[in-house]
Amino acid sequence: MSYLFAKSANDSSARLREWTFPIAERLVPPRQRLDWAREWRAELWQMQHERPGRRPAGESSRGALSQSLSLSYGLLADAAWLRADWLRATARGSAVGCLLALSFYCLLCGVTNILLAGSWHSFLHQFSETFLGGFLFVAIPGLFIAAVTYPPRPLRSDVQHEHRGHLSARTRRNMFLGAKVLLTLALGFLSSMIAIVPIRMQIGRYSDWAQLMMWALVVTVGLRWALLNQEQRCQKCLRLLSQPTRVGRPSYNFLHWSGMELACADGHGLLHVPEMRGSWCWYDRWVEQDPVGLSLQI
Amino acid sequence: MSPGKLSHTVAIILKALSLGYQFGFEIMEVTGFPSGTVYPALRRLERDGFVSSNWEAEQDALKDQRPARRYYLLTKAGREAESTATKRYPLVSRLLPEKLVKTL
Numbered sequence: 001m002s003y004l005f006a007k008s009a010n011d012s013s014a015r016l017r018e019w020t021f022p023i024a025e026r027l028v029p030p031r032q033r034l035d036w037a038r039e040w041r042a043e044l045w046q047m048q049h050e051r052p053g054r055r056p057a058g059e060s061s062r063g064a065l066s067q068s069l070s071l072s073y074g075l076l077a078d079a080a081w082l083r084a085d086w087l088r089a090t091a092r093g094s095a096v097g098c099l100l101a102l103s104f105y106c107l108l109c110g111v112t113n114i115l116l117a118g119s120w121h122s123f124l125h126q127f128s129e130t131f132l133g134g135f136l137f138v139a140i141p142g143l144f145i146a147a148v149t150y151p152p153r154p155l156r157s158d159v160q161h162e163h164r165g166h167l168s169a170r171t172r173r174n175m176f177l178g179a180k181v182l183l184t185l186a187l188g189f190l191s192s193m194i195a196i197v198p199i200r201m202q203i204g205r206y207s208d209w210a211q212l213m214m215w216a217l218v219v220t221v222g223l224r225w226a227l228l229n230q231e232q233r234c235q236k237c238l239r240l241l242s243q244p245t246r247v248g249r250p251s252y253n254f255l256h257w258s259g260m261e262l263a264c265a266d267g268h269g270l271l272h273v274p275e276m277r278g279s280w281c282w283y284d285r286w287v288e289q290d291p292v293g294l295s296l297q298i
Numbered sequence: 001m002s003p004g005k006l007s008h009t010v011a012i013i014l015k016a017l018s019l020g021y022q023f024g025f026e027i028m029e030v031t032g033f034p035s036g037t038v039y040p041a042l043r044r045l046e047r048d049g050f051v052s053s054n055w056e057a058e059q060d061a062l063k064d065q066r067p068a069r070r071y072y073l074l075t076k077a078g079r080e081a082e083s084t085a086t087k088r089y090p091l092v093s094r095l096l097p098e099k100l101v102k103t104l
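Chains as they are written, first to last, in the working numbering: chain A, 1 to 298; chain B, 1 to 104.
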């Protein structure tokens, strides 16, 4: 890389770029790093050698140092954009992203509740009173009813390659479901505490009934969402499945299955959702991709 | 990013690409934008399918005794977005001169 800066090695501005380049390079996601470094080296070479008298207007009107600062900022901004985009793509639909989003909304609702209550102590008092005095009586039967009426469908699985990590895939799935249900219920409870404030001002003591109905709604919808969301995730990495594709024809149902096929973006497997349930295809079927076959496809 | 939501900056970069300016330095030179604006915009345009990129052949770069450049080209969607942006910002076409010598 030093050849890039050799021409003006004594120049402080060149040294600044020399110092910034490796930092920015580290910031770029590993997959794109080589291309990024190659492109920027070519661009920096261009700026220094090709047409030194015709530097870009945005970077030529100022002195050498400000020009170099602008370029250093460009290097870092470009690398940071790539890193942020990579993070966004990685977090999209992931289990961690889902839990983080729920936690963030819980925190937001919690802070709003504290502000509405006026102080931390009055919020805690209100919280314990409504949570223990009412919400639990709705949430516990709600959980029971959800488990009975909508049990997580046992996916028929063609899994052949068991996860050999610290935790089994099943344990991680159950832990994620538990955390999601808890956070969903917490979010429902905290948001209902916010929503009840204007209602209480309008209808006074009857607001207790409204709050009760709101809790029932929040618990039912929240639990249904948590369970449905769980079904639409990869059994291995817990990322949301995507690329829904229709497979087969309904008129050929006796000859071959028809329905929807959802794929894991990381290529771990496919979820077959039959259009018509039959004795031979009652549940959704999770088909894990063979790692050897996957590597051949790639 | 839909063509209807293109910012003025992105419209100028798209216009520069449509006029034949193909790599970062050239675009910075003709638009006057700093590198911190041009490169992230190019990345975003490439991610959204408005622009595709390819590397210059090493032999061509060696002939000119310089490192190979990464060239950016408008895709079909990019050309449509550029014409939409030009209609939205009519002065953009007057800002940039046509490139006299094509890079490729």
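Everything labelled a hint here was simulated from the structure, so no lab data went into it. Computed from a predicted model, the values in this text were never measured in an experiment. We treat Cβ as the ideally placed atom computed from N, Cα and C, and that holds for glycine. Just to be clear, a hint being listed does not mean it is correct.
As the list claims (entries may be wrong) - Taking CB as the label site, the calculated pair distances span: (1) B:S7 to A:G134: 48 to 56 Å; (2) B:K5 to A:R26: 45 to 53 Å; (3) A:R249 to B:N54: 34 to 42 Å; (4) B:P97 to A:R38: 47 to 55 Å; (5) A:S66 to B:K5: 30 to 38 Å.
Hint by hint, here is what the structure shows:
{"no.": "1", "hint": "B:S7 to A:G134: 48 to 56 Å", "result": "holds, 50 Å"}
{"no.": "2", "hint": "B:K5 to A:R26: 45 to 53 Å", "result": "violated, 32 Å"}
{"no.": "3", "hint": "A:R249 to B:N54: 34 to 42 Å", "result": "holds, 41 Å"}
{"no.": "4", "hint": "B:P97 to A:R38: 47 to 55 Å", "result": "violated, 29 Å"}
{"no.": "5", "hint": "A:S66 to B:K5: 30 to 38 Å", "result": "holds, 32 Å"}
Violated hints, listed in ascending order, are 2, 4; each of the other numbered hints is respected by the structure.
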